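Peer 1: Take these sequences, add in the hints, and give me the full structure.
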Amino acid sequence: MPDKGAVGAKPASTPTNGAAAETRRQRMRMLISALGMLPVLLILCIGFNVLSEGRFFTGQNLGIVLQQAAVNTVLAAGMTFVILTGGIDLSVGSILAASAMAGLTLSKVPELGMLWLPASLLTGLVFGIVNGALIALLRLPPFIVTLGSLTAVRGLARLLGADTTVFNPSIPYAFIGNGSLTLVPGVASIPWLSVIALLVILVSWLVLRRTVLGVHIYAVGGNESAARLAGIKVWAVLIFVYGISGLFAGLGGAMQAARLYAANGLQLGQSYELDAITAVILGGTSFVGGIGSIWGTLVGALIIAVLSNGLILIGVSDIWQYVIKGLVIIGAVALDRYRLQGSART
Amino acid sequence: MNDPILEMRGVSKTFFGIKALRAVDLTVYPGEIHALMGENGAGKSTLMKILSGAYRPDPGGEIHIEGRAVRIEGPLGGRAAGISIIYQELSLAPNLSVAENIYLGREVSRSGLLAHGAMREGVGPILKRLGADFLPSTLVAHLSMGQRQLVEIARALHVRSKILIMDEPTTSLSAAESERLFALIRQLRAEGLAIIYISHRMDEVYALGDRVTVLRDGRLVGSLDKPEIRADTIVRLMVGRDVSSFYKKDHDPKAGRGHPVLAAIDMADGGRVKGCSLTVHAGEVVGLAGLIGAGRTELAHLIIGASPKISGRLELEGRPVEIRTPGEALEAGIAYLTEDRKALGLFLDMSCLDNINLAVLGRDAKLGWILDRDKARERADRAFAGLSIRAANVGVPAGGLSGGNQQKVLLSRLLAIAPKVLILDEPTRGVDVGAKSEIYSIIDNLAKAGTAILVISSDLPEIIGICDRVVVMRAGHIAGEVSRGPNSPLAQEDIMGLATGMEHLDA
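Chains as they are written, first to last, in the working numbering: chain D, 4 to 349; chain Z, 89 to 595.
One or more hints might be untrue.
Partner residues are not named here, just some residues of chain D that face chain Z (Cβ under 7 Å, in silico) [said to hold, decoys possible]:
{"#": "1", "residue": "L120"}
{"#": "2", "residue": "T214"}
{"#": "3", "residue": "V215"}
{"#": "4", "residue": "A229"}
{"#": "5", "residue": "G234"}
{"#": "6", "residue": "V237"}
{"#": "7", "residue": "G293"}
Since the hints were made in silico from the structure, they are not lab data. Fair warning: this is a prediction, and the values are worked out from it, not measured in the lab. For each residue, glycine too, the CB sits at the ideal point set by N, CA and C.
Peer 2: Here it is as structure tokens:
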């Protein structure tokens with residue numbers, strides 16, 4: 004039995020000058036959350052450039068960073084959809100492996116070789132939709148469902164290649180893995196992998212910010228019960244986000260297959276889900292859902308790539324790279340907490 | 089009579105400038121059952137929370153226990169002062185045993201290991217004294233609600249509390265369990281405990297109360313001794329407040345009462361709602377009154393398809409409709425304003441603009457799913473102007489607004505679909521006075537425009553101020569209906585009588 008005094012405790016209205024100050028504060032807050040980790044990214048880049056005596060900011064090295072960031076960016080984009088609804092997808096690494104295996108296997112079939120790319124995408128999409136259906140229709144917790152498919156799909160990936168490495172040196176569309184899009188002939192070019200990653204980010208932004216579905220995704224993550232009462236088909240939204248995550252994992256698998264001309268069901272994509280989750284959280288998307296942006300995810304993925312690249316450039320050992328990356332994950336979650344304190348949800 | 093065990097003198101509590109309690113004096117003697125009554129929001133919970141140490145009272149008041157002035161601070165303060173509270177929602181850990189629950193926080197250990205045996209033996213005598221039919225080692229999860237309550241009481245006795253506060257202890261009990269509880273309460277009284285018994289139910293207060301204290305708007309408005317305890321006196325004390333002019337009701341139901349818009353027939357959910365029928369006409373504001381737990385919100389949820397029904401059907405403008413989800417209700421033109429806007433209504437992190445447009449995004453969208461941002465912006469601006477929502481701009485997160493403005497944002501979302509039927513569940517809960525009267529005039533204008541409106545409210549003056557007739561629910565049934573006479577207003581006593589089941593006792 005709530006007392007009115009306890010509940011209705013807010014002042015009636017904000018006076019106008021207070022409103023102006025409030026607007027300023029709001030803008031400041033939005034700016035901070037929009038910029039998010041961008042300053043951190045820039046500081047890292049500059050720091051590594053100084054420590055490596057100028058070897059970071061070279062066209063070649065930046066190309067490598069972008070290329071290294073590409074697959075994780077694509078996975079993290081899908082993960083952003085999922086985490087925005089308050090869920091998690093642990094299975095993306097395994098789905099990536101299974102999709103790459105499916106694609107490579109098909110690419111060796113003479114008549115159908117050209118179809119390997121859509122086959123990879125479709126494989127990922129199907130696994131994603133299965134995840135989504137289990138979560139949305141059977142109301143199982145996302146962590147458990149995707150933990151299960153992390154293991155099960157990994158097994159299927161090994162099964163697809165009879166537990167061997169599948170090679171195809173003449174795989175069609177190999178250019179997407181190793182070619183570059185020439186911007187200015189002889190001067191500037193950008194790896195196709197990075198072009199794909201940027202396109203994925205752009206499409207994700209369009210869906211999240213410019214479509215009805217996007218608003219519904221934020222709504223489900225922000226308050227699932229309210230979303231249901233507001234007439235949103237929560238189950239459809241959930242199946243969509245896990246489907247997208249699977250589809251992007253399939254795309255990631257295709258990118259890897261084209262880059263390596265090979266795939267191994269056991270090794271490919273191991274623990275990729277962790278990098279993807281880290282990128283999303285670094286990008287300021289809240290673990291409880293409802294808050295976040297795809298641009299933040301891009302910045303998060305770049306931070307991870309810059310960290311890996313920079314630590315190698317300045318000669319930090321493999322072992323210490325693990326330690327440092329781990330601390331970055333914890334720091335990211337701490338930031339998430341701090342960010343939530345400032346938001347409307349208290 | 090002997091010396092009082094508890095004396096509160098001039099205790100007040102202010103929340104952000106709003107007085108929840110105003111200089112309350114309360115005296116409780118050992119060996120008495122002291123019933124505390126009042127409407128929802130009268131200040132009962134606040135008073136209780138001060139005694140438990142959850143709230144700190146405003147400076148100036150005094151609390152004496154057994155003649156000594158005490159300061160009750162922190163959640164353990166109440167227990168230290170000898171006060172135990174048994175809340176409506178019991179606070180037991182179902183995964184632990186009875187003995188472990190009773191000893192929770194004060195476990196007995198021997199050389200660092202839990203002394204299970206000693207704890208079981210320790211609670212044995214108390215359980216026996218209470219006539220418990222379960223063992224100290226039983227898991228609480230296996231106990232019925234009545235048995236769980238017994239465990240709570242045992243816990244209170246085990247810490248040697250002298251004052252036991254019970255907040256609506258019978259809400260989740262069966263009739264037989266309630267009878268057993270009453271016998272136990274009388275036994276505890278005979279043993280010298282002071283019991284503060286909070287209840288809405290007149291029959292319980294009749295059966296148990298030695299004295300009744302009534303709170304209204306944070307004030308103590310009367311204390312009655314046993315011979316004076318009479319239903320009409322209590323009801324008058326509880327509701328006796330002026331219905332001021334800030335309720336706006338210009339629409340004239342008699343002149344403009346239209347065709348029936350919503351007819352719910354024999355709705356039941358197998359739990360809280362046991363076969364309810366009601367009709368709302370175009371341009372009519374119907375109140376749905378009743379005590380908390382009477383099943384009003386549950387009935388609304390059944391109507392909009394938010395929870396599954398086991399029987400009943402709906403007619404909309406005379407035609408049968410099948411509504412299985414809230415989405416289908418919105419499509420049919422039935423909008424529901426939730427009583428819990430933060431948990432079930434608003435998206436606090438999303439902008440007011442998104443919150444307002446959420447229900448019509450699909451309808452407005454280009455090519456079926458591309459957001460029409462101009463239209464959304466226009467709609468939000470119109471809502472801000474029309475309902476005078478005060479916020480910096482339509483882009484700020486809804487969570488930052490005051491309660492009244494949040495409510496208006498949520499209301500705007502419903503109005504965006506131009507509903508035929510509007511169900512408002514506690515539309516002014518947690519809303520300041522200014523916004524309240526604005527919401528009343530919005531309701532009035534909607535009724536004038538022909539919307540059929542059903543208002544669920546625990547605030548009786550509000551129901552009387554804005555409604556044309558009132559349907560009263562009690563324990564899952566429609567207990568009756570109160571209408572306006574040709575010249576007489578709706579009578580609060582009639583509504584309260586129906587809601588508490590007192591109409592028999594009054595006669």
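Peer 1: Go through the numbered hints given earlier and state which of them the structure violates, listing their numbers in rising order.
Peer 2: Structure breaks hints 1, 6.
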